[in-house]
Amino acid sequence: MSARDLTVVRGDGVVTITLDRPGAGNGLNLELARAVAETVRGAGHARCIVLRSTGPVFCAGADLAMLEGLGAPEQAEAVRTYVYDGFQGMILAIATSPVPVVARLQGPALGAGADLALACDIRVASDRAWIEESWIRIGTISALGGAHTLPAIVGRGDALDMLLTARRLTASECLQRGVFQRLVPEEQLDAEVGRVVRSIAAHDADAVQAVKRLVCGGDVETALRAALAAALEEQVPLIARTEFADRVRDVRARLARK
1 MSARDLTVVR
11 GDGVVTITLD
21 RPGAGNGLNL
31 ELARAVAETV
41 RGAGHARCIV
51 LRSTGPVFCA
61 GADLAMLEGL
71 GAPEQAEAVR
81 TYVYDGFQGM
91 ILAIATSPVP
101 VVARLQGPAL
111 GAGADLALAC
121 DIRVASDRAW
131 IEESWIRIGT
141 ISALGGAHTL
151 PAIVGRGDAL
161 DMLLTARRLT
171 ASECLQRGVF
181 QRLVPEEQLD
191 AEVGRVVRSI
201 AAHDADAVQA
211 VKRLVCGGDV
221 ETALRAALAA
231 ALEEQVPLIA
241 RTEFADRVRD
251 VRARLARK
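Residue numbering for the sequence shown follows my numbering, starting at 1 and increasing by one per position.
Everything labelled a hint here was simulated from the structure, so no lab data went into it.
Any given hint might turn out to be false.
For each label pair, taking beta carbons as the anchor points, the in silico distance ranges come out as [as the list claims (entries may be wrong)]: (1) Arg257 / Gly194: 32 to 42 Å; (2) Ile136 / Thr242: 10 to 20 Å; (3) Val9 / Ala166: 19 to 29 Å; (4) Leu160 / Ala223: 13 to 23 Å.
We treat Cβ as the ideally placed atom computed from N, Cα and C, and that holds for glycine.
Work the whole structure out from these sequences, hints included.
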């Protein structure tokens with residue numbers, strides 16, 4: 001599967017996936033989410049996968065025009081299809097891939113973009129990057145693993161703070177709390193990502209995949225799947241209502257005025 005806003009480069013055992021919607025903050029629509037999932041699933045031969053994006057923003061979240069169109073009671077089944085088949089499928093593809101996935105964050109990751117980054121195995125970021133679980137601002141929740149993954153990384157209290165208030169975690173806070181594994185000045189980001197990728201690719205591929213299975217498979221994968229299923233049941237009725245569409249419309253209007 002391909003998407004107009006996705007580029008894929010393969011070479012030297014590395015698959016580099018680039019979100020290429022800079023004018024939309026690399027917002028995720030269904031086509032793009034499915035294309036990311038398909039590319040990750042097809043990269044089992046690789047030594048490492050790099051997930052990156054163009055422009056100043058890593059990923060501003062789900063495409064707002066798409067979300068606004070889902071805000072109606074009669075759209076409940078469409079919401080379920082979009083979230084489970086597309087967006088949750090993308091998260092599961094990354095989490096269950098036998099190949100390590102390195103996220104390169106040159107800038108902010110919000111909402112679905114934050115969850116996408118959190119799904120990756122290692123996050124290498126520039127000092128211009130930050131994380132914000134912004135779902136609550138539009139009256140819904142993360143159904144993409146954020147509420148499951150964040151407590152394991154930052155602790156339950158800080159996770160609740162971020163999820164309930166949309167508190168922004170700065171680059172330095174992300175490094176201190178284990179959200180980012182590497183943090184460098186913007187001009188050093190590509191070099192640092194390259195060092196991480198080369199280090200992974202230099203090791204025995206079977207051993208590397210065994211490490212990922214031990215850390216991310218088994219009970220961990222089972223718990224993630226259960227968390228995604230539970231979050232889907234919570235999110236569908238929150239999105240499929242007119243109040244949700246109104247909130248998204250207001251956000252789009254504010255952004256258009258900037």
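To see whether the hints hold, each was checked on the structure:
1. Between Arg257 and Gly194 the CB atoms are about 40 Å apart, so this pair conforms to the stated range of 32 to 42 Å.
2. One distance hint, 10 to 20 Å for the beta-carbon pair Ile136 and Thr242, holds here, with the actual separation near 18 Å.
3. Between Val9 and Ala166 the C-beta distance comes to about 34 Å, which lies outside the given range of 19 to 29 Å.
4. Here the CB-CB span from Leu160 to Ala223 is close to 18 Å, well matched to the stated 13 to 23 Å.
Checked against the numbered hints above, the structure breaks only hint 3 and satisfies the rest.
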